[in-house]
Structures are given as structure tokens and as C-alpha cells.
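Novice: Each chain, written out:
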Amino acid sequence: MKKQLLTLTLGAATLLSSLTHAADYKIDTEGNHAFINFKIQHLGYSWLTGRFNDFDGTFSYDKDKPEASTINVTINTASIDSNHAERDKHLKGDEFLDVSQFPTSHFVSTKYESTGEDKGILTGKFTLHGVTKTISFPITRIGEGNDPWGGYRAGFEGKTTLKLTDYGIDYNLGPASTHVELELLIEGIRQ
Amino acid sequence: MTLKNTAQSYGWISIAMHWLMALAIFGLFGLGLYMVELTYYDAWYKGSLDLHKSIGIITFSILLLRLFWRSINIKPAELPAPKWQKMAAHWMHIALYIVMFLLMLTGYLISTAKGKAIPVFGLFSIPALPWTINNQEDISGLIHATLAWSLIVMSALHAFAAIKHQFINKDGALNRMLTPK
Chain A
1 MKKQLLTLTL
11 GAATLLSSLT
21 HAADYKIDTE
31 GNHAFINFKI
41 QHLGYSWLTG
51 RFNDFDGTFS
61 YDKDKPEAST
71 INVTINTASI
81 DSNHAERDKH
91 LKGDEFLDVS
101 QFPTSHFVST
111 KYESTGEDKG
121 ILTGKFTLHG
131 VTKTISFPIT
141 RIGEGNDPWG
151 GYRAGFEGKT
161 TLKLTDYGID
171 YNLGPASTHV
181 ELELLIEGIR
191 Q
Chain B
192 MTLKNTAQSY
202 GWISIAMHWL
212 MALAIFGLFG
222 LGLYMVELTY
232 YDAWYKGSLD
242 LHKSIGIITF
252 SILLLRLFWR
262 SINIKPAELP
272 APKWQKMAAH
282 WMHIALYIVM
292 FLLMLTGYLI
302 STAKGKAIPV
312 FGLFSIPALP
322 WTINNQEDIS
332 GLIHATLAWS
342 LIVMSALHAF
352 AAIKHQFINK
362 DGALNRMLTP
372 K
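Quick note, the sequences are listed as chains A and B, same order.
Residues in the first sequence are numbered consecutively from 1, following this note's numbering.
Residues in the second sequence are numbered consecutively from 192, following this note's numbering.
Possibly wrong hints are sitting among the right ones.
[What the hints assert, rightly or not] With beta-carbon atoms standing in for the labels, derived distance ranges:
no.	chain 1	residue 1	chain 2	residue 2	range
1	A	G116	B	L224	51 to 61 Å
2	B	Y236	A	G130	18 to 28 Å
3	B	W322	A	D56	21 to 31 Å
4	A	D24	B	F312	52 to 62 Å
5	B	I289	A	K163	41 to 51 Å
6	A	E117	B	I330	41 to 51 Å
7	A	N53	B	A213	39 to 49 Å
8	A	I135	B	A213	52 to 62 Å
9	B	W322	A	Q191	32 to 42 Å
10	B	N325	A	G174	27 to 37 Å
11	B	Y225	A	T161	33 to 43 Å
12	B	F312	A	G174	27 to 37 Å
13	B	L333	A	G130	15 to 25 Å
14	B	L224	A	K63	50 to 60 Å
FYI, nobody ran anything at the bench for these hints, they're computed from the structure.
Yeah, the Cβ is synthetic: ideal placement off N, Cα and C, and Gly gets one too.
The task is simple: from the sequences and hints, build the whole structure.
Specialist: As C-alpha cells, then:
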């Protein structure tokens, strides 16, 4: 009886701790339900968009304890794709991303501040072109729940603007193209 | 008008294709070295590449025609030379054809790496292959540049040998590639 009670208490404790512990998610890059897009002005007349096709990451999130949220993303810089072979070749070259020297880019979160239901400000260290800077940007939880295949998923979106010269990319693309917008659209599968 | 090759010399068609390609290849080499140094706000940034691609495709078609013409024509007799020089000349010719072919192929693979066709002087387009590989534009670009330098060095050796035959051996080697006999 005593032993049973102990097991029950232990069991409850485990259950409780798993409830208060933020759930861990793996970004669904395998099923391609995650996108890292970029957008930059062309000559000041129009927008050019592209994306990174290959990246990986995990996050942990609990809607009851959003401040404990963390995210970690690694991008393969050589996977940049603007749907134009010669341009991609330039972007990968030493005038821009210099992917042979800097094959990966990372984002590691350090803080999450809730600003309302499903909204918050994410802060973290972003490394690009060998330069690491602390950046903060708003993110929104789109939704979460069971998927039709027996898993549990949660999705977010976030957007930030980077100044290229902050990351040591100083090729002159003109006055309208000094900043690039990065858009993060991610869906994670709970592990 | 000797269009076809003879036992003594090359015919007009071989001669024309040889010198046209020589001109195109040296032109493409210079243009290639120059255009990669241009930056975004240079007026010829876009035009130089379009021209390089268009001339490249035309040169590629001349190469294919030339290989076809070579296969249905006789070859002028070898000039008297030590055996190793005959061998060297023979293999240099084969190597020049292979390098030219691969050089133009890799150029094509850079521009078509994302499945887009290559416009030729805005008149028609050469479609991409139905498949591409990862980082095709980078891999092809590296090979393209290496082969370009190789071809220039090889052409110089080839020209040096022809000049040596013409002026030291005095066997008219160069004449055979200038006017048919």
C-alpha cells in the first residue's frame, strides 16, 4: 500500500513536471512546413524575394509559460535560392554571403517576452557572414493542435529587417537596397 | 574553291570554322575575365553577360558542326616531324576539342542551373536540361574558369607549335590553315 502510494506520488510528480515543462518541437523541414524567406528592394523600383531551402532547428514552447520559450535555428547559407542561377552564384560568392568561408548562419534565442495572447518579442543572437549580433523582433503564434497523422504541431511567424553592412556585407546595391527583410514561417512537430 | 579538306591542306570550311572559333574563344576569354569584375552599377553589368552567353552558344554550335565536318572529311597528311611531336600534336588536338566541349558545356550549366533557358541575342533560346544538381552554378562556374585558363594555355602551345613549323621547319604548317591548296 505504501509502495503503491509512493508510485502514485512519483507518477503524479512526473506528470506535473512534464506539464510545467515547455514542450520540445522539431521544425518540420522534412515535410517542408517551414520557410525562411528574404526580401530586398531592387533599385528602389520593386521587390526581389528568395529563400533558404536548407535549414534545421528546434524550439520549445508552452502557451501557459511563453517566457520559457526558446528557439535554435541553423541555416545552410549555400541553400540560398532566388530562382536565378547567376544571381545565386553571386549571392553565395565572397561579395555577399561568402558561403565557403561562412557555410552556416545561426539564430539562438536568449529571451522571449510575451506582449499579449499569441504575441511576443523574441531576442537572440543571430550570426550571419561570421558576424554575431543580438536582435529582437516580434513573433506571432499562428496556432497549434493535433495534426491528422497522430502528431502535435505548433506554428509561428516572425519578421525582422537587417542592415547588410551590420553583417559586413558592403556590396553597393544602391541606396534602396541597404536592408533585407527576413521572414520566418515555422511549424514544429512536438517530440 | 576548295571547300573540303585535301591531302595537302585544309579546305575553306575547316579553315573558316577554325579561325572563327579562335576569334570567338579569345574574345569570350577576355570578355569573361572583364565581366566578372563589373559591379551592379556598371552599365554593361547585364549586357556583357548576355553577350558572353549568346556568343558562347553560337561557338558551341560551331564546335559541334566542326566535329561533324571533321568526321566526314579526310585529314591533311601529317607533316614530317619526330614521332613524339606527331603524337603530341595529335593528342593536343583531341585535348583541345575535349576542353572546348567541356568549357562550353559548363558555361551552359551555370546559366541553366535553375532550369531557365539561355536567350541567344534575343532571337531564340536554348532550354535547360530537365534535371539540375545542387549548387550546379558554383560547381560549373569553378570548372568553367579552370577550363578557360587551360584552353588559353593549350591554344598558346598549339599556336607556338604551328609557328615553329612554319618558320623553323619551313614546312608550311600555317599555310595549310590559311588557304587551301
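Novice: State for each hint whether it applies.
Specialist: Tested hints:
1. G116(A) with L224(B): 51 to 61 Å: Since G116(A) and L224(B) have Cβ atoms about 57 Å apart, the given range 51 to 61 Å holds.
2. Y236(B) with G130(A): 18 to 28 Å: holds (27 Å)
3. W322(B) with D56(A): 21 to 31 Å: Once the Cβ atoms are compared, 25 Å apart, the range 21 to 31 Å for D56(A) and W322(B) holds.
4. D24(A) with F312(B): 52 to 62 Å: holds (57 Å)
5. I289(B) with K163(A): 41 to 51 Å: holds (48 Å)
6. E117(A) with I330(B): 41 to 51 Å: The hint (41 to 51 Å, Cβ to Cβ) holds, given that E117(A) and I330(B) are roughly 49 Å apart.
7. N53(A) with A213(B): 39 to 49 Å: Taking Cβ atoms as reference, N53(A) and A213(B) lie about 42 Å apart, which means the hint holds.
8. I135(A) with A213(B): 52 to 62 Å: holds (55 Å)
9. W322(B) with Q191(A): 32 to 42 Å: Holds, since W322(B) and Q191(A) (Cβ atoms, about 35 Å apart) stay within the stated range.
10. N325(B) with G174(A): 27 to 37 Å: 31 Å Cβ-Cβ, so the 27 to 37 Å window holds.
11. Y225(B) with T161(A): 33 to 43 Å: The hinted range 33 to 43 Å holds for Y225(B) and T161(A), with Cβ atoms some 35 Å apart.
12. F312(B) with G174(A): 27 to 37 Å: holds (28 Å)
13. L333(B) with G130(A): 15 to 25 Å: holds (22 Å)
14. L224(B) with K63(A): 50 to 60 Å: holds (59 Å)
Violated hints: none; the structure is consistent with every hint.
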